[in-house]
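**Q** These protein sequences, in sequence, are chains L and W.
For the first sequence, position 87 matches number 87 in UniProt numbering, and the numbering has no gaps at all.
For the second sequence, position 213 matches number 213 in UniProt numbering, and the numbering has no gaps at all.
No wet-lab data here; the hints were simulated from the structure.
In this text the structure is predicted, and so the values were computed from the model without any measurement.
Built from N, CA and C at the ideal position, the CB exists for glycine as well.
Some hints here could point you the wrong way.
List time: in silico DSSO-like cross-link candidates among lysine-lysine, alpha-carbon distance up to 27 Å [stated by the list, open to error]: (1) L:183 with W:251; (2) L:18 with W:338; (3) L:191 with L:155; (4) W:251 with L:155.
Residues from chain W that face chain L, not an exhaustive set, calculated with beta carbons under 10 Å [as the list claims (entries may be wrong)]: (5) 195; (6) 239; (7) 242; (8) 247; (9) 249; (10) 272; (11) 280; (12) 286; (13) 294; (14) 306.
For reference, the chains in residue letters:
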Amino acid sequence: MRAVIAEDSLLLRIGLVKVLEAAGFEVAAEAGDADEVLAAVGEHRPDLVLLDVRMPPSFTDEGVRAALVIRAQWPGTAVLLLSQYVEERYAADLLATQTGGIGYLLKQRVADVEEFVDAVRRVAAGGTALDPQVVAQLLLRRQADPLERLTPREKDVLRLMAEGRSNTAIAEQLVVSDSAVSKHINSIFTKLGLPQAEADHRRVLAVLRFLEGA
Amino acid sequence: MRSALGRAAGYAPWSARAWRETAFTAAGVGPAAALPFVMLCAVPYPQFAIVLVPLLPALASVLTAVQRSRFHALLDLHIPPTRHGESWYTPAGIGRRLRSEATWRQVCYHAVVAPTAAVGAVAVVCCWTFGALCAGVLSWAWAVPGTLRLPGWVSGDHVPLTVLGVLLVLAAPPLAHLLTRAETAFAAALLGPSRTRELARRVEDLAVSRAEVVDAADAERRRIERDLHDGAQQRLVSLAMNLGLARATLKDLPPEARSVIDEAHREAKEAIEELNGLVRGLHPAVLEDRGLDAALSGVAARAPLPVRLSVDLPRRPAATVEAVAYFVVSEALANVAKHARASRVEVAVRVRAGRLLVTVEDDGAGGADPSRGTGLSGLAGRVRSVDGTLHLDSPVGGPTVITVELPCAL
Numbered sequence: 001m002r003a004v005i006a007e008d009s010l011l012l013r014i015g016l017v018k019v020l021e022a023a024g025f026e027v028a029a030e031a032g033d034a035d036e037v038l039a040a041v042g043e044h045r046p047d048l049v050l051l052d053v054r055m056p057p058s059f060t061d062e063g064v065r066a067a068l069v070i071r072a073q074w075p076g077t078a079v080l081l082l083s084q085y086v087e088e089r090y091a092a093d094l095l096a097t098q099t100g101g102i103g104y105l106l107k108q109r110v111a112d113v114e115e116f117v118d119a120v121r122r123v124a125a126g127g128t129a130l131d132p133q134v135v136a137q138l139l140l141r142r143q144a145d146p147l148e149r150l151t152p153r154e155k156d157v158l159r160l161m162a163e164g165r166s167n168t169a170i171a172e173q174l175v176v177s178d179s180a181v182s183k184h185i186n187s188i189f190t191k192l193g194l195p196q197a198e199a200d201h202r203r204v205l206a207v208l209r210f211l212e213g214a
Numbered sequence: 001m002r003s004a005l006g007r008a009a010g011y012a013p014w015s016a017r018a019w020r021e022t023a024f025t026a027a028g029v030g031p032a033a034a035l036p037f038v039m040l041c042a043v044p045y046p047q048f049a050i051v052l053v054p055l056l057p058a059l060a061s062v063l064t065a066v067q068r069s070r071f072h073a074l075l076d077l078h079i080p081p082t083r084h085g086e087s088w089y090t091p092a093g094i095g096r097r098l099r100s101e102a103t104w105r106q107v108c109y110h111a112v113v114a115p116t117a118a119v120g121a122v123a124v125v126c127c128w129t130f131g132a133l134c135a136g137v138l139s140w141a142w143a144v145p146g147t148l149r150l151p152g153w154v155s156g157d158h159v160p161l162t163v164l165g166v167l168l169v170l171a172a173p174p175l176a177h178l179l180t181r182a183e184t185a186f187a188a189a190l191l192g193p194s195r196t197r198e199l200a201r202r203v204e205d206l207a208v209s210r211a212e213v214v215d216a217a218d219a220e221r222r223r224i225e226r227d228l229h230d231g232a233q234q235r236l237v238s239l240a241m242n243l244g245l246a247r248a249t250l251k252d253l254p255p256e257a258r259s260v261i262d263e264a265h266r267e268a269k270e271a272i273e274e275l276n277g278l279v280r281g282l283h284p285a286v287l288e289d290r291g292l293d294a295a296l297s298g299v300a301a302r303a304p305l306p307v308r309l310s311v312d313l314p315r316r317p318a319a320t321v322e323a324v325a326y327f328v329v330s331e332a333l334a335n336v337a338k339h340a341r342a343s344r345v346e347v348a349v350r351v352r353a354g355r356l357l358v359t360v361e362d363d364g365a366g367g368a369d370p371s372r373g374t375g376l377s378g379l380a381g382r383v384r385s386v387d388g389t390l391h392l393d394s395p396v397g398g399p400t401v402i403t404v405e406l407p408c409a410l
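Okay, chain W solo, but in the shape it has when bound (with noise of 0.2 Å):
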């Protein structure tokens, strides 16, 4: 009951709310008014159609532009604007904002929505204003008596009228407040981006965005290469050829002082295999520089079972692309030597419909299983980070064919 008292009090001649709401119907009177009137201009003149159709996207996204401070300005909503980004002068650019259908929903808003809350908002306007007047009738008789001369259709008796007025005035703002939540529900439909275009939006610029943060990655690891690679390799290649050279040349010297130079230079000579597996695993650089096949030909001599390697692209896939390709195939061997007792494998990469294909077969024992080993898992992750599928296929028995299609521009 109190809620309701409540509710009504809301919406009464004197809340603020009533006052805001009429003033924003009120103001949409002229905004709505511009589209029909220069439409009802050009139906005696047909040929003005020429002039007007290439302009009618520029009317509707300067009124656009008026109907969205409106209800910033009176309603504090803010309505997102759409996405054109096409030059204005040119005729591609009104061409494409001719097609594109946010324009036709602006146009719609304009034309129809619009003029018909403009309506409305004459009506609001009158309940206000003959509503105050009829109200005051039967005051302005009792207080200056004899003044008050109405038309003739109006009868003698003052009350009936004063009802009249005092219910229009008490009509006004739910009119007003029911013009505006409609206006207001048509306007984020139309004016707003729409919902598909806003989704769609939104993929892309993910995509995008992943797509740096993928290849931000793969710049590190390349520079840390790098940083590697000019120091502490050099270093340590450098460390392990004086210990060498200290063995060959330092013959004389007391068995603990060789057995321990022996011992340095075996662990120097670990450090460096160490470390070259490492940046194997981040980046090689016979990958940046010479690509997959050289890459791929480095890791499959390296697997401890014969491999056969087919590489068969017409250019060089994009580095990031490059890069899962190579990790995929090195995580694979060695997933198969580890796990597969498989007695040969066999590797493929090509270009097929657009998409850069690697397979990896072996005629191993099967039965793998991505959710059993990081392994696999990190690789798929790795792949899906470039949009790629892989697709496992390993019965028990064998043979386990992993296929990796990544997309790539060839």
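This is chain L alone, in the form it adopts within the complex (with noise of 0.2 Å):
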């Protein structure tokens, strides 16, 4: 898997490219803003391209605005946005066309580098990795709604299958066994009304809604 990073600080892109490299990424090319992140993705044609959200020259959204052509220009090149805080608006941008290859975490999350790169695993296979702080925000502006009618565990499950993470995974994470994951996520397609159809679209679908009109 070849990966291209854009990060303005010089001391992050170091350590992100050997936590890349430790996990088994070949990175393709280093950018330290949006204009060169683009180049380097037109050159190399990378599995994922890992950005920041500020970086020069305004510091405010050229990771985003980035991430939004590479997704428009080259559609298969997986996307993780790193930022120093949670604008729910630009996952929301970001997932408004697809949901699969898009990850949006805090950086502060490549502390925890085995989590960390397993969300970038995630987000290269065409998963999604959202930061729980994300969830958490998105979640906040949604309670009028079918989402209203879930009960708090419904609302847990789904939170973390928005954050991407399988149901062995959130099994782990609620301290429940795999089956009544898998009645909780049905419980959820009922109560939001989603199609019977393959699971994993039927998944999408959920993550969608849950995060719909942010």
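With the hints as a guide, bring the two chains together.
**A** In structure tokens form, the structure reads like this:
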């Protein structure tokens, strides 16, 4: 797997390269701003792009805009955004087109190297990785809709689904059995009125419903 | 008795004060004549008023400058200038001056007070000259006999005339003093800035300087946040990442070394959290970059109880107001979590009648008392610093509602 890293802080960039290389990625290029990263992605066509949200020149949302361009021009590329803070609208923008191969994590999560690498692999493999804080903020916005009918436990499960966890990981996290998780998930599908279809597809729809309107 | 004598000596014709005040009153005659002269000239030609009226503020202003320098030079009194700040030659500027009450106070001084004082000044000068002349009559007659030819209405006896002369000379200094005091009082009231005006201006100055101080403090908080983010935060994240990497990759370390790395890693992560908390208390980057809605949804999501947040703003308010609103909500939520035993909180930010209205309502136990904790009084102070108001309604048994209104031009 090949990756491109865009991060303006040299210190963090070096660290991220080390972490990705230790996780078995080949770091094809490093960039310090949005223009550089777009050029690098065009040139190297990586599987994954790791992007800092706040980059020169304006230090606001360069990373998000670059991510949207990457998703539009090279649709197969997985994008993982790192941000100093959570702006759920960024997440909504990113998830508006596709939910696969997208990640949005707080920068400080890179400290937990194993979990971070887990998230990177998940995103590179076409999954999602949303920071718990992103999910918490998205949940905050949605309280007068079908989600309101979910039990607290079901909300926990949905939140973990939105973070991109597998059933087993959810079961581990909530300290319940796999079958309990499946039951919760089916109940969520029913309450959200999702059509009978392939499980993974419904899973994505549930997460989307969860994120909708942000 | 002695003090009475001393006071009387102060009015002696040879005292410095007597001469200074005489000079002062006499010097007023010239400038006092100017405005009445112009006005009298205009009487036979009413059409002249068209030219005169627009010139009136200018004339008043020039005369006021003359009078001000007269007070300064002869009495060492400083009459503060009134502020206009308008340009002179535009019709709008003249119009503003004509509508200004300071102009009319000055005109009143130059048209009424100064001429009256000038009449008094003439009297003082007469007292001096006729007094000195009459007082000299006896000695003249004695020194050069036969040369003195007095007009027929003066009786042949020189003594009453001399006494009259001495009395006039003695009367001149108190008269000059009286005039000086009266004119000084009028000048202070009519030529200087009015007290209400002065107070209004002072309030304005204070409001401006306070706003500057508050803004500067806010800018300083933002700068510190930036410095922390660019420096310490990045370093700590990098440190924690390296420790995490060591933990993840160095599997065959002795258990002691492992536990040391684990400990260091945990502490580095805690330090990051602590620093993040500090930065959030200062001025979070999300507030500056993305505004209240985004920043408050972060605060609400971190709160340990369910928060319903609604932010409805047509535009972003001023940075300082945003910062205060953010601070209010985050402090209020922290208070609710700590004290209120609430199960849910409702936070609303909206604009009503040109004010930013922030309400935080919880369903907790109520009975919040701002005098007990520093949290609420700190909030009130910060709200007041931008001319906002904080209202706390917290009956025992709840619910508690904090309403904050902040000025904002939206």
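**Q** So, for every hint listed, does it hold in this structure?
**A** We went through each hint and held it up to the structure:
1. L:183 with W:251: Status violated; Cα separation ~38 Å.
2. L:18 with W:338: Distance ~42 Å between residue 18 of chain L and residue 338 of chain W Cα, so the pair is violated.
3. L:191 with L:155: 11 Å, holds
4. W:251 with L:155: 37 Å, violated
5. 195: 51 Å, violated
6. 239: Since the shortest Cβ distance to chain L is 8 Å, the answer is holds.
7. 242: 6 Å, holds
8. 247: Holds, about 7 Å.
9. 249: 6 Å, holds
10. 272: 5 Å, holds
11. 280: 9 Å, holds
12. 286: Residue 286 of chain W check passes; min Cβ-Cβ to chain L is 4 Å, inside 10 Å.
13. 294: This interface hint holds because 5 Å falls under the 10 Å limit.
14. 306: 8 Å, holds
Against the hints set out earlier in the document, violations occur for numbers 1, 2, 4, 5.
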